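In case you want the letters, here they are:
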Amino acid sequence: MTVTGVPADGRIGTPLLRKEDPPLLTGEARFVEDLVVPGALHAAVLRSPHANARIRSLDISGALASPGVVAAFTGADLREEWAQPLPCAWPVTADIKIPEHLPLAVEHVSYGGDAVAVVVGESREAAVDALDAVVVDYEPLPAVVDLQEALTDRVVVHESLGSNRCYTWSLIPDPAAVDSAFAEAAHVVKERYVQQRLIPNAMETRGVCVVPQPFGGDYTIYSATQIPHILKVMLGIVTGIPEQKLRVVAPWVGGGFGSKLNVYAEEALCLALARRLKRPVRWTEERIENAQATIQGRGMIQEIELAADRDGRVRAVRVNLLADMGAYLQLVTPGIPLLGAFLYHGVYDIPAYAFTCTGVFTTKTATDADRGAGRPEATYAIEPAMDALAHQLGLDPAEVRRRNFIATEKFPYSSAAGLVFDSGDYGPALDQALELAAYEATRKEQQDRRNAGANKRIGIGLSCYVEMCGLAPSRVLASLNYSAGGWEAATVRLMATGKVQVVTGSTPHGQGHETCWSQIVADRLGVDPDDVDVVSGDTALSPAGMDTYGSRSLSVGGVAVWQATEKVIAKARAIAAHQMEASEEDLELVGGSFQVKGTPSRSMAIQAVAFEAFTAHNLPDGMEPGLEAQVTYDPPNFTFPFGTHVAVVEVDSETGDVDLVRYVAVDDCGNQVNPMIVEGQVHGGVVQGIAQALYEEAVYDQDGNLRTSTLTDYLVPSAAEVPSFTLGHTVTPSPTNPMGVKGVGEAGTIASTPAVMNAVLDALAPLGVTALDMPASPQRVWEAVERAKKAAEGEER
Amino acid sequence: MRVSTTVNGRSYEHEIEPRLLLVYYLRDVLGLTGTKVGCDTSSCGACTVLVDGESVKSCTMLAAQADGCAMTTIEALAVDGALDPLQEAFHDNHALQCGFCTSGMVMAAMSIIREHPGLTEADVREGLEGNLCRCTGYHNIVKAVLAGAGRQAHPVGAAR
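Chains A and B, in that order, give the protein sequences. This note's numbering numbers the first residue of the first sequence as 43 and each following residue consecutively. This note's numbering numbers the first residue of the second sequence as 8 and each following residue consecutively.
In case anyone wonders, no lab produced these hints; they're calculated from the structure. No experiment lies behind these values; they were computed from the predicted model shown. Even glycine gets a Cβ: it sits at the ideal position worked out from N, Cα and C. Be a bit skeptical, because a hint or two may be false.
What the hints assert, rightly or not - Counterexamples of contact, computed for chain B against chain A with all Cβ distances above 12 Å: (1) Arg17; (2) Glu22; (3) Glu61; (4) Glu82; (5) Gln94; (6) Thr109; (7) Arg158.
What the hints assert, rightly or not - Far from chain B by the CB rule (all over 12 Å, computed), these chain A residues: (8) Leu77; (9) Asn362; (10) Glu441; (11) Lys541; (12) Lys613; (13) Leu757; (14) Lys831.
Unchecked claim - Which residues of chain B face chain A? A few of them, derived with a C-beta cut under 8 Å, are: (15) Tyr19; (16) Leu28; (17) Thr40; (18) Asp47; (19) Thr48; (20) Ser50; (21) Asp74; (22) Ala77; (23) Ile81; (24) Ala85; (25) Pro92; (26) Cys105; (27) Val149.
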């Protein structure tokens, strides 16, 4: 369809500047903490300093006597507020162990940061000051930090569960095929990788403000959340307040990265306190609380084995995971490994597949979704393992990958793990990435430096990735024991004045939904994107939604917008045909007007149709007034974006310092709605993945104390640590949705960690270094080099 | 205690608690919530404002120390709805996503631009070391600051 009425930069596929920007650039945008709520009380939470302890006694009388304090409560005081404990929505197996998780612990704390009491004051300072006056007598118990140690059950985190084993989940479609592939293998690679724990660190910490409405028992909950719709359902369940009396608003939200895809103790607490005290109650998370009491990511030990034939063709992959749940199961904690479980064969055509994961409790902060959620883990298993295989075979890493790619003609590809990959064309992305990275020339420079014995060694790392996005077909979620669906809702409404309102269930926190949804609608209707208003993030205005995570917005929520627009066009066409006394088939929508084919002078603008639908003076018999359509779209399949990233590093073998000198990303997310936003998503994702490779780690000591709870200890990279990037793309549309889109929010994070780590190991390979834990800090790199030197000296002796 | 300040060209006098941090003075007392709080350790830079023309993390300073100072916050940059050239450069280069770090980034960039007449990418990256962003990977922020430096018609400082 040709649309001429839309400004060129508003069409699908053009880099329309973001409609979201002006209020953010001028400081007018209001995040939760910026909302002025008269009469609001401030809550402060007292947290356990122990990783594991019994609460012998807890005395809040001192806090109650503190100036400005209105109320204070212990876990026991609030026990009756909870109709249900905090929810885990993904009990992955029938026999999974789920510890009771209350917003305030009652008798036992299970991680450092577990909430034990809440103080409510007239000001934040009054509440925080009074925390010091709460007296808690703890009986400290041994911490359980190490995952292997946890498996022994020498110390059981939750005595009532009897064991630290949360669940074991397996995916082994054909065990005999796996066994015979390993029996017949010419080459076997066996690797062990540690996914260190990460702290997502959205720049806005969490915050919540609950406002009781003047009458009727309704509550409005403002929260820095990715999931207002899910939160509304869950808070109704936890507090016993009927869902229809709750309204959740996610105002401007300062990033999430999975950390705000949850239902948190403080959200339930503020609601319960507002109910009890009959006043607005707000809470703002401090950064140190964000490190302790907001979920963390990763936390896995991965064992991966590849069985390959003489030519380096991989015939089987076998994976064993040990996944750190932390002390409690948050919303989707146990399911995170399952999001990667199907992808440990990566972009390779591997016919036999075995995956097993055991989840284990420790006395640490709960893990849950962190950008990529399961898929970075899968990619940082298969991609380093492919390098290890290349090393074993003496082949170039690019060549080993090429030999194993799923052939383009095999799509849609049925994987041994049981998925159907929608579309893919992996060779061109690799070719483009190698070209942009000047691969051959860089290899030569690498060799020259090696020959010269330079300390600054060049390393080149490849990462060919695939992810599954578009979470998710509801029936597939059912088969994985997930407690909700994966659909998304959209309403497109033409108003009397010809302006367009889009209501979306997909809730933004930086992604640019307003701009992209406007482009979709503007492109289809032929209107100006500035005439499109997007409403989101408020369950009163957008009652149906499944929110934002898992790179799902465009390929589920955006497709819902597209489909609703198409329905609106169909109705508008009927009205226009009726009024123009033409047949519907003879009308085409060109530049925002229905025209009679061949007679463009006979036309009716879509805005005029909207007005006719509004007045309803002359509609076809039986047609309802109004021009709007609502769609709830349940995707038929996941989408499978892919690409190749190349990292070039300089590693100083004397100091262990790693300098990332060049980074190339070639991504294929299918059709792009706004290439500027796509690139922005890649940039940010890449840095988050680089950060896992080189900088970030949530470090716990053996007593279970988090040693990296501030941004001075936990190294979120700044502009000074990373370079500018070279981006390319290929376009392989998804055949599973009418827009041909796939999703890109997590691609950078998924691809970049293995690219960088492969590069570091590539630099150090001549020194005999074959393994390196993340983050590859100067100390770790230096130690690995020294160990390798000593080993080599030992061999010489 | 009593403080007199000039913020965004307006004069104020307030009775404040001595322990009040400048950032909370701006946010809670003056209602200028464009300046954000992102950490407790002066690491993130979301609270960056100009104090007598110098970029300062307003969580590192007591409101009492700002007595007699002239300050500029993000709210003062756009005039009559028209973005400042640097804000415009952020918009044109897609240098913000969630936008939480943006006001601090812009204020820090203002002073980097003023301090480096022949601004290079390395200057920008080093200069923004104290401002964290989790969304953009910095690529477009760096581009925007370089573009904004070219467009900056006049030095911005305490005057506004």
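Status of each hint after checking the structure:
Consistency note on arginine 17(B): stated as away from chain A, and its beta-carbon is indeed over 12 Å from all of that chain's, at 15 Å minimum. Even its closest Cβ contact with chain A, about 15 Å, leaves glutamate 22(B) beyond 12 Å, as expected for a residue assigned away from the interface. In this structure glutamate 61(B) is separated from chain A by more than 12 Å, as the shortest Cβ-Cβ distance comes to about 19 Å. Not every CB of chain A is more than 12 Å from the CB of glutamate 82(B) (nearest about 5 Å), against its label as outside the interface.
Against chain A, the non-interface label of glutamine 94(B) is violated: not every CB pair exceeds 12 Å, the least being about 4 Å. For threonine 109(B), the shortest C-beta to C-beta distance to chain A comes to about 5 Å, within the 12 Å cut-off, and the non-interface label is violated. With a cut of 12 Å on Cβ distances, arginine 158(B) stays outside the contact zone with chain A, its closest approach being about 14 Å. The non-interface label for leucine 77(A) is inconsistent with chain B: the shortest C-beta to C-beta separation is roughly 9 Å, within 12 Å.
The Cβ of asparagine 362(A) lies farther than 12 Å from every Cβ of chain B, with a closest approach of about 32 Å, so its non-interface assignment holds. Every C-beta of chain B lies more than 12 Å from that of glutamate 441(A), the closest at about 30 Å, which supports listing it as non-interface. Its beta-carbon lying about 21 Å from the closest one in chain B, lysine 541(A) satisfies the requirement of being farther than 12 Å from that chain. With a minimum CB-CB distance of about 35 Å to chain B, lysine 613(A) clears the 12 Å threshold, and the non-interface call stands.
Here leucine 757(A) does not stay apart from chain B, with its beta-carbon only about 10 Å from theirs, under the 12 Å limit. At the 12 Å boundary, the C-beta of lysine 831(A) stays outside the reach of chain B, the nearest C-beta of that chain being 34 Å off. Residue-level restraint check for tyrosine 19(B) is violated (minimum Cβ-Cβ distance to chain A is 18 Å; threshold 8 Å). With a least beta-carbon distance of about 11 Å to chain A, the hint placing leucine 28(B) at the interface is violated under the 8 Å criterion.
About 4 Å separates the beta-carbon of threonine 40(B) from the nearest beta-carbon of chain A, less than 8 Å, and the hint is met. A cut of 8 Å between beta carbons decides the hint on aspartate 47(B): the least distance to chain A is about 5 Å, and the hint holds. A least Cβ separation of about 5 Å between threonine 48(B) and chain A falls short of the 8 Å threshold, and the interface hint therefore holds. A least Cβ separation of about 4 Å between serine 50(B) and chain A falls short of the 8 Å threshold, and the interface hint therefore holds.
With a least beta-carbon distance of about 21 Å to chain A, the hint placing aspartate 74(B) at the interface is violated under the 8 Å criterion. Checking alanine 77(B) against chain A by beta carbon gives a least distance of about 18 Å; that is not within 8 Å, so the hint is violated. Because the smallest distance between the Cβ of isoleucine 81(B) and any Cβ of chain A comes to about 4 Å, under 8 Å, the interface hint for this residue holds. The interface hint given for alanine 85(B) is met, as the beta carbon of that residue sits about 5 Å from the closest beta carbon of chain A, less than 8 Å.
The beta carbon of proline 92(B) is not positioned within 8 Å of any beta carbon in chain A (closest approach about 12 Å), and the interface hint is therefore violated. A cut of 8 Å between beta carbons decides the hint on cysteine 105(B): the least distance to chain A is about 3 Å, and the hint holds. A distance limit of 8 Å between C-beta atoms decides the matter here; for valine 149(B) the minimum to chain A is near 6 Å, and the interface restraint holds.
In summary, the structure is inconsistent with hints 4, 5, 6, 8, 13, 15, 16, 21, 22 and 25 from the numbered list given earlier, while agreeing with the others.
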